[in-house]
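Peer 1: Could you slot chain B onto chain A? The hints should help.
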Amino acid sequence: MSLLSQAKPRRGTAFRPSRNSRRAGTGRLAAALLSPSLIVLGLVVGYPVLAACRLSFVVSNETIDPQTGFKVTATSYGLDNYAAVFTGDRFLRPWWNTTSFALASVAVEVLIGVAMALVMHQAFRGRALVRAAILVPWAIPTAISGLLWKWIFNSQGVANELLGARVLWSSEGFQAWLSVVIADTWKTAPFIGLLVLAGLQIIPGELYEAARVDGASTWYAFRRITLPLVRPALVVAVLFRLLDVLRMFDLPYVLVGPRKHSVETLSMIAFEEMSNLRFGTAAAYATVLFLYIAAVAFAFVKLFGADLIGRGTRSSP
Amino acid sequence: MTTTISRLRTGSLARRIGIAAIVLYCLAPFYWMVVSSLRRPSDQFSNSPLPVPVSFDNYAAAFDARNGFGRALLNSLIVSGVTTAVTLVVAIFAGYALARLSFRGKTLILTLIIAASMFPPITLIVPLLQFFTDAGWINTYQAMIVPSMSFALPLAVWNLTAFFRQMPAELEKAAQVDGCTPAQAFRKIVLPLAAPGIFTTAILVFISAWNEFLIAVSVVNDRQMMTANVIVSLFTGQYKYDQPFGTQMAAGVVVTLPLVVAVLFFQRRIVDGLTAGGLK
Chain A
1 MSLLSQAKPR RGTAFRPSRN SRRAGTGRLA AALLSPSLIV LGLVVGYPVL AACRLSFVVS
61 NETIDPQTGF KVTATSYGLD NYAAVFTGDR FLRPWWNTTS FALASVAVEV LIGVAMALVM
121 HQAFRGRALV RAAILVPWAI PTAISGLLWK WIFNSQGVAN ELLGARVLWS SEGFQAWLSV
181 VIADTWKTAP FIGLLVLAGL QIIPGELYEA ARVDGASTWY AFRRITLPLV RPALVVAVLF
241 RLLDVLRMFD LPYVLVGPRK HSVETLSMIA FEEMSNLRFG TAAAYATVLF LYIAAVAFAF
301 VKLFGADLIG RGTRSSP
Chain B
1 MTTTISRLRT GSLARRIGIA AIVLYCLAPF YWMVVSSLRR PSDQFSNSPL PVPVSFDNYA
61 AAFDARNGFG RALLNSLIVS GVTTAVTLVV AIFAGYALAR LSFRGKTLIL TLIIAASMFP
121 PITLIVPLLQ FFTDAGWINT YQAMIVPSMS FALPLAVWNL TAFFRQMPAE LEKAAQVDGC
181 TPAQAFRKIV LPLAAPGIFT TAILVFISAW NEFLIAVSVV NDRQMMTANV IVSLFTGQYK
241 YDQPFGTQMA AGVVVTLPLV VAVLFFQRRI VDGLTAGGLK
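Line by line, the protein sequences are chains A and B.
FYI, in UniProt numbering the residues of the first sequence are 1 to 317.
FYI, in UniProt numbering the residues of the second sequence are 1 to 280.
Source of the hints: derived by calculation from the structure; they are not laboratory data.
Just so it is clear, the structure is predicted and the values come from calculations on it, not from any experiment.
Accuracy of the hints is not assured; some may be wrong.
Covered by chain B, according to a simulated footprint, are these stretches of chain A (three or more residues, beta-carbon under 8 Å) [said to hold, decoys possible]:
id: 1; region: 38-44
id: 2; region: 144-155
id: 3; region: 163-170
id: 4; region: 267-280
Some, not all, of what chain A presents toward chain B, calculated at C-beta under 10 Å [as the list claims (entries may be wrong)]:
id: 5; residue: S56
id: 6; residue: F57
id: 7; residue: V59
id: 8; residue: L79
id: 9; residue: A83
id: 10; residue: W95
id: 11; residue: G126
id: 12; residue: I140
id: 13; residue: V158
id: 14; residue: P190
id: 15; residue: G193
So the derived label-pair ranges between C-beta atoms look like this [as the list claims (entries may be wrong)]:
id: 16; chain 1: A; residue 1: S171; chain 2: B; residue 2: D134; range: 48 to 54 Å
id: 17; chain 1: A; residue 1: W96; chain 2: B; residue 2: D64; range: 38 to 44 Å
id: 18; chain 1: A; residue 1: Q122; chain 2: B; residue 2: D64; range: 47 to 53 Å
id: 19; chain 1: A; residue 1: R166; chain 2: B; residue 2: V54; range: 26 to 32 Å
id: 20; chain 1: B; residue 1: P168; chain 2: A; residue 2: G42; range: 47 to 53 Å
Cβ coordinates follow ideal geometry from the N, Cα and C atoms, glycine included.
In isolation and in its complexed conformation, chain A is listed as follows (with noise of 0.2 Å):
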């Protein structure tokens, strides 16, 4: 942080080969290599926020001209696409489904992928194959493994063969939710696995020797030696994966289909407003979720300090 100092820009030097020149030149080429990408982010991520912020307070009101007879729209700003999203009957359930989807998916996740984690870091042969089998599901586009599930899902399908029942899974109700629960599973736990597996290799193997010589037990070096030392890693993981299926869309819309009480998520229900060209109540419904996702990630580095500018920042040895 000592080195911010040096950033200041100079005027009237660029041409004398001194340090100052050099310093001042670093800071330049920083704004001039930074631009352009902050330029990207102001249109694509920047200007939508606000103008989603802004459109989810404008009102809009046909009504009739009473001298020329012609439907007018006037539109006034104020809180109604939000007394619309708050009172209306379509809230609640969405918010739950958004939220135990999060909760559910991402605590199975972390158990299946710790568990991969600890068994490919034993595993010497294979390695490859392993690592480009975990690949697999999570190259697959969402949209495509939403079809696949469906599929395995379907009442004659797979799954009710294996499983010697015939649930109507892509009906509503609980099966529905179950099954983007598990076909969500299935595409990120090996991703967890993976970073877990990254924060494995880092734990010094003396640890473990130095535990075993102490007489501890597996279970204990578990519990004291890896766990504490994979956190950081697993700790960023799950909480990528928690912003991820807050926002979660393809998967449910594909899997069970758009308007479907038991599996409609926030995101799904904004869709549905903006495909009606409700753009106020579709930027309201966003705007929330949008609030929602930034308290829950707020309240998760407060409660588990993800360090996530470290990893960006900091100087290899």
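Peer 2: Same frame as chain A, now just chain B:
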């Protein structure tokens, strides 16, 4: 002595079972997609583990002119390709600056870039769709490419920053001692050496752009301009409520296979990139 050996054996047996379980878990559903795509349409509801007899009818049906699947693949390729190329050019500069140069407000910029990747796409697409409607951009490539950069760019900047960090700084310092300006050192020394990291980032960005669904389904309503993911989800059967799963699985294999092949070839690099960036 014998107990140690038997313990080692059970250890390696458990390990093998564990590995087999992971591979089975990851590949079984994908295997089912491939098997289903190779059945005869009349065997569609057969649940036998092998497609007997093997038939490519589903693939022929997927590429039937009525579906417009070939065109959709081309659209996907154009959108993902352009997104990847533009994103990389912009992100290489930013990644280098964030990794190497010291300047005021670096932490703030890194925070902004991470924050940008966290916005739900639906929040971004609502006003963008309204804007694209007004600007006459509906059913155009740029309407898909521009919003795609909202997730591609943070991912790329993040990965490249981590990658440039790992490169030894001495090389550039040596070049600067020899009289290069920082810009020259970047162009002549850093860029060629960074090629593997740039390539890794390109694969990751391409895969995430290829997987994109929400933006493509929102800004396009003309079948001619739809991407492969969207068009496959819209395939219709002979009757309205009859979903042609065999055809969809065949199309799914076609959409996925290039990515699976890339994953098999470049698995080491992809894993490095994913664990360095930690995004998506």
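Peer 1: Decide, hint by hint, whether the structure agrees.
Peer 2: These are the hints, each one checked on the structure:
no. : hint                        : in the structure
1   : 38-44                       : holds (count 5)
2   : 144-155                     : holds (count 10)
3   : 163-170                     : violated (count 0)
4   : 267-280                     : holds (count 6)
5   : S56                         : holds, 9 Å
6   : F57                         : violated, 13 Å
7   : V59                         : violated, 15 Å
8   : L79                         : violated, 18 Å
9   : A83                         : violated, 18 Å
10  : W95                         : violated, 13 Å
11  : G126                        : holds, 6 Å
12  : I140                        : holds, 5 Å
13  : V158                        : holds, 5 Å
14  : P190                        : holds, 6 Å
15  : G193                        : holds, 8 Å
16  : A:S171 x B:D134: 48 to 54 Å : violated, 40 Å
17  : A:W96 x B:D64: 38 to 44 Å   : holds, 42 Å
18  : A:Q122 x B:D64: 47 to 53 Å  : holds, 48 Å
19  : A:R166 x B:V54: 26 to 32 Å  : holds, 29 Å
20  : B:P168 x A:G42: 47 to 53 Å  : violated, 33 Å
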